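One-letter residues, chain by chain:
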Amino acid sequence: LAKTTQPISMDSYEGQEVNITCSHNNIATNDYITWYQQFPSQGPRFIIQGYKTKVTNEVASLFIPADRKSSTLSLPRVSLSDTAVYYCLVGDMNSGGYQKVTFGIGTKLQVIP
Amino acid sequence: DGGITQSPKYLFRKEGQNVTLSCEQNLNHDAMYWYRQDPGQGLRLIYYSQIVNDFQKGDIAEGYSVSREKKESFPLTVTSAQKNPTAFYLCASTQGSVPLHFGNGTRLTVT
Numbered sequence: 856l857a858k859t860t861q862p863i864s865m866d867s868y869e870g871q872e873v874n875i876t877c878s879h880n881n882i883a884t885n886d887y888i889t890w891y892q893q894f895p896s897q898g899p900r901f902i903i904q905g906y907k908t909k910v911t912n913e914v915a916s917l918f919i920p921a922d923r924k925s926s927t928l929s930l931p932r933v934s935l936s937d938t939a940v941y942y943c944l945v946g947d948m949n950s951g952g953y954q955k956v957t958f959g960i961g962t963k964l965q966v967i968p
Numbered sequence: 008d009g010g011i012t013q014s015p016k017y018l019f020r021k022e023g024q025n026v027t028l029s030c031e032q033n034l035n036h037d038a039m040y041w042y043r044q045d046p047g048q049g050l051r052l053i054y055y056s057q058i059v060n061d062f063q064k065g066d067i068a069e070g071y072s073v074s075r076e077k078k079e080s081f082p083l084t085v086t087s088a089q090k091n092p093t094a095f096y097l098c099a100s101t102q103g104s105v106p107l108h109f110g111n112g113t114r115l116t117v118t
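These protein sequences, in sequence, are chains A and B. Numbering follows my numbering, with no gaps: position 70 of the first sequence is 925. Numbering follows my numbering, with no gaps: position 62 of the second sequence is 69.
Don't take every hint at face value.
Within a straight-line C-alpha distance of at most 20 Å, the following computed EDC-like cross-link-like pairs (lysine to aspartate or glutamate) qualify [to be verified]:
1. A/Lys858 <-> B/Asp66
2. B/Lys77 <-> B/Glu31
3. A/Lys963 <-> B/Asp45
None of these hints come from the bench; they were simulated from the model. Given the structure is predicted, the values throughout are model-derived calculations rather than measurements.
Make the full structure from the sequences, and use the hints.
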């Protein structure tokens, strides 16, 4: 699986848009990009997944440039409840890509009142 | 309402004792996983199973054992050989391209 790099931590004020970027220079042709959110003492929760360009759901948007060597998770108008750790994963999820999935340290987002 | 159930939420054991953590899913997923998380760290893969009666070691399998006798169950035994067993343990499952679905974890404390 492709190695990913994300910032260790970020702070944001309530109501602001937050963008978390993940680098994955060795992404393979069949790899998808998936983001998870984890609150303390809970399991990670799926947020969004994409392959190229832009994906949007009710929670977030995912921007993927043409070269796919990075991706940006965008959280619109964050609230205190968005304070969590966010993980970026890259892998071929259609072919048992989760076989050896290991989550990195993730990005700890702190939303400030 | 489908999901993954991990029990118990908190578990306390004395050093030298084996302990088994339960993971049950009713999502009809073929693949199941066990992760370990230490404070301030990411998740590390212990074992995974893609089908009943088959499982593979992850990155930190030493001191752990698993079984997969039923599709819906994937128990993890933390043996006395595990040097630092105190951690947060997470079970997950998936099927095909479906994103990983996690349980709410078991926090194991060994003293």
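Notebook entry, point to check: Has the given pair, A/Lys858 with B/Asp66, been kept, meaning a C-alpha gap of at most 20 Å?
Noted result: 15 Å, holds
Margin query: Holds or violated: A/Lys963 and B/Asp45, Cα atoms, limit 20 Å.
Written below: Holds - the C-alpha atoms of B/Asp45 and A/Lys963 are around 15 Å apart, at most 20 Å.
Checklist line | B/Lys77 paired with B/Glu31 [C-alpha distance capped at 20 Å] | finding: 10 Å, holds
The structure fails none of the hints (numbered hints given earlier).
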